[in-house]
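Asks: Top to bottom, those sequences are chains A and B.
Counted from 1, the first sequence has number 209 at position 209 by my numbering; the numbering is strictly sequential.
Counted from 1, the second sequence has number 105 at position 105 by my numbering; the numbering is strictly sequential.
Where hints are given, some of them may not hold.
Said to hold, decoys possible - Only some residues are given here: those of chain B computed to face chain A with a beta carbon under 10 Å:
| # | residue |
| --- | --- |
| 1 | V17 |
| 2 | I18 |
| 3 | L80 |
| 4 | D89 |
| 5 | G100 |
Claimed, not checked - With a straight-line cut-off of 20 Å between C-alpha atoms, the simulated EDC-like cross-links for lysine to aspartate or glutamate are:
| # | chain 1 | residue 1 | chain 2 | residue 2 |
| --- | --- | --- | --- | --- |
| 6 | A | K64 | B | E35 |
| 7 | A | K64 | B | E21 |
| 8 | B | K54 | A | E98 |
| 9 | A | K216 | A | E31 |
| 10 | A | K64 | B | D108 |
| 11 | B | K106 | A | D83 |
| 12 | A | K64 | A | E39 |
| 13 | A | K64 | B | D89 |
| 14 | B | K106 | B | D76 |
As the list claims (entries may be wrong) - Between beta-carbon pairs, the in silico distance windows are:
| # | chain 1 | residue 1 | chain 2 | residue 2 | range |
| --- | --- | --- | --- | --- | --- |
| 15 | A | V88 | B | N50 | 28 to 38 Å |
| 16 | A | P103 | B | K82 | 24 to 34 Å |
| 17 | A | L96 | B | S39 | 50 to 60 Å |
| 18 | A | L219 | B | S39 | 45 to 55 Å |
| 19 | B | E26 | A | P103 | 30 to 40 Å |
| 20 | B | S96 | A | N202 | 54 to 64 Å |
| 21 | B | D8 | A | R125 | 53 to 63 Å |
| 22 | B | K14 | A | K148 | 29 to 39 Å |
| 23 | B | Q93 | A | G86 | 47 to 57 Å |
| 24 | A | E31 | B | S25 | 45 to 55 Å |
| 25 | A | V80 | B | K82 | 45 to 55 Å |
| 26 | B | R94 | A | N87 | 43 to 53 Å |
| 27 | A | P103 | B | S23 | 23 to 33 Å |
| 28 | B | N71 | A | S133 | 18 to 28 Å |
Since the hints were derived computationally from the structure, they do not count as laboratory data.
Built from N, CA and C at the ideal position, the CB exists for glycine as well.
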Amino acid sequence: MKLFRGSSGGADAATPPVAQKLTRRSSGLGELSRFWDSEMPMCVLDLGSTSPANIRFFTEGSHKIYSEDLLVASTEPSLVTKDEQGNVVLDSRQFLAENLVYPAAQFDVVLCWNLPDYLDESLVRPVMGRLWSILKPGGMLLAFFHTKDAGPDSPCYRFHIVGKDMLEMQRIVLKREARRGPTGAVHTAITEGFRLQRVFNNRHIETLFRDFASIKFFLARDNVREVLVVR
Amino acid sequence: MSAPLTSDLAQIGKSVVIKGELSGSEDLYVDGQVEGSISLKNNSLTVGPNGSVKATVEAKGIVVQGKLEGNVQASDRVELRKSAVVTGDISTQRISIEEGAYLKGKVDIQGKSEKAAGK
Numbered sequence: 001m002k003l004f005r006g007s008s009g010g011a012d013a014a015t016p017p018v019a020q021k022l023t024r025r026s027s028g029l030g031e032l033s034r035f036w037d038s039e040m041p042m043c044v045l046d047l048g049s050t051s052p053a054n055i056r057f058f059t060e061g062s063h064k065i066y067s068e069d070l071l072v073a074s075t076e077p078s079l080v081t082k083d084e085q086g087n088v089v090l091d092s093r094q095f096l097a098e099n100l101v102y103p104a105a106q107f108d109v110v111l112c113w114n115l116p117d118y119l120d121e122s123l124v125r126p127v128m129g130r131l132w133s134i135l136k137p138g139g140m141l142l143a144f145f146h147t148k149d150a151g152p153d154s155p156c157y158r159f160h161i162v163g164k165d166m167l168e169m170q171r172i173v174l175k176r177e178a179r180r181g182p183t184g185a186v187h188t189a190i191t192e193g194f195r196l197q198r199v200f201n202n203r204h205i206e207t208l209f210r211d212f213a214s215i216k217f218f219l220a221r222d223n224v225r226e227v228l229v230v231r
Numbered sequence: 001m002s003a004p005l006t007s008d009l010a011q012i013g014k015s016v017v018i019k020g021e022l023s024g025s026e027d028l029y030v031d032g033q034v035e036g037s038i039s040l041k042n043n044s045l046t047v048g049p050n051g052s053v054k055a056t057v058e059a060k061g062i063v064v065q066g067k068l069e070g071n072v073q074a075s076d077r078v079e080l081r082k083s084a085v086v087t088g089d090i091s092t093q094r095i096s097i098e099e100g101a102y103l104k105g106k107v108d109i110q111g112k113s114e115k116a117a118g119k
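Based on the provided sequences and hints, a complete structural model is requested.
Replies: Here's what the structure looks like:
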């Protein structure tokens with residue numbers, strides 16, 4: 001696993017990028033779409049930035065959608081603590097006490113998007129464990145992982161569903177203003193955008209999802225692997 | 001941003017703090033703090049950009065520009081403006097969400113027949 005630490009202090013970091021919207025075909029989403037084409041209402045958890053397009057997509061199909069932006073939640077300042085070695089980490093227990101609080105086996109589908117690549121190291125495994133427990137047996141999780149060619153400044157995107165197997169990717173732009181989070185705290189990390197934390201190889205991905213029943217990889221042209229796992 | 005001044009609109013200004021049950025038969029604009037419950041069955045609630053509502057809300061229409069924490073039930077529509085920060089489940093017939101709005105919770109779109117059946 002390639003880890004990225006520290007912050008990028010280059011000239012590019014000081015220049016707010018222009019908001020980009022790109023479209024890409026998603027094989028994983030296409031595979032999932034067979035589920036929501038069925039008559040049965042599904043319960044979907046979207047872990048990306050709040051997306052009007054995704055909410056519209058699922059509610060028009062009579063499905064229930066839950067939205068929870070875990071990357072924003074992970075910037076809550078009160079989560080910062082130190083481990084036994086004195087390293088600065090995020091308190092995963094507190095994080096899971098405040099986020100992903102759902103009954104076991106609640107969801108048919110979890111849309112993880114690129115969360116594992118950008119989430120703080122101390123939260124990745126606890127979050128994946130919680131996601132396993134709130135997925136129904138047979139439920140599916142879709143996640144995207146960068147390949148080894150990605151650098152630490154690979155942009156973090158929001159994902160909007162615009163078709164059965166089509167996504168619109170919107171770059172999360174640098175913001176000049178800090179934003180209030182759900183607790184009223186000011187999330188200063190948002191002003192700096194999110195940095196790629198690491199690159200998982202296939203073995204690391206398999207280890208990350210080892211509690212799941214099956215895992216399927218889809219390779220894409222844009223240095224991203226899509227992963228669809230079934231609980 | 002100020003609320004439109006009409007005779008049928010009650011306003012809670014940004015320096016006002018209310019704790020308890022709020023109910024009424026006119027539209028309500030909240031730019032202050034409200035904690036408890038709000039029931040406006042045939043009218044609309046607007047949470048202004050400075051507003052902070054920590055309450056269960058039942059109204060015909062709900063527009064959020066500020067912060068709202070609590071479950072929300074609208075018999076007609078919910079609008080989350082770009083500055084909205086909403087934590088709670090939303091049940092409504094129609095919803096519009098502007099780019100930039102933050103939502104942590106469920107969106108449940110109910111048809112008129114479901115509403116009538118009380119589902």
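Asks: So, as I understand it, the hint says I18(B) touches chain A; can you test that by seeing if any CB pair is closer than 10 Å?
Replies: violated (18 Å)
Asks: Tell me if the beta carbons of E26(B) and P103(A) are separated by a distance inside 30 to 40 Å.
Replies: Given a distance of about 39 Å, which is inside 30 to 40 Å, the answer is holds.
Asks: Hint check: K216(A) vs E31(A), CA-CA at most 20 Å. Holds or violated?
Replies: Holds - the C-alpha atoms of E31(A) and K216(A) are around 10 Å apart, at most 20 Å.
Asks: Is it true that the CA of K64(A) sits at most 20 Å from the CA of D89(B)?
Replies: holds (11 Å)
Asks: For the pair supplied as a hint, K106(B) and D76(B), is the alpha-carbon distance within the 20 Å limit?
Replies: Holds, at about 17 Å.
Asks: Falls inside 23 to 33 Å, the C-beta gap from P103(A) to S23(B)?
Replies: Once the Cβ atoms are compared, 32 Å apart, the range 23 to 33 Å for S23(B) and P103(A) holds.
Asks: How does the Cβ-Cβ distance of D8(B) and R125(A) compare with 53 to 63 Å: does it lie in that range?
Replies: Between D8(B) and R125(A), where Cβ atoms are some 55 Å apart, the hint holds.
Asks: So, as I understand it, the hint says G100(B) touches chain A; can you test that by seeing if any CB pair is closer than 10 Å?
Replies: Holds: closest Cβ of chain A sits about 8 Å from G100(B), inside 10 Å.
Asks: Given a hint of 47 to 57 Å, does the C-beta separation of Q93(B) and G86(A) actually sit inside it?
Replies: For G86(A) against Q93(B), whose Cβ atoms are near 54 Å apart, the range 47 to 57 Å holds.
Asks: E31(A) and S25(B), beta-carbon distance inside 45 to 55 Å?
Replies: holds (51 Å)
Asks: Looking only at beta-carbon atoms, does the pair N71(B), S133(A) fall within the given range of 18 to 28 Å?
Replies: Holds: the Cβ-Cβ distance is about 24 Å, inside 18 to 28 Å.
Asks: So, V17(B) near chain A? Judge it on the closest CB pair being under 10 Å.
Replies: violated (15 Å)
When held up to the earlier numbered hints, the structure conflicts with 1, 2, 6, 7, 11, 17, 20, 22, 25 and fits the remainder.
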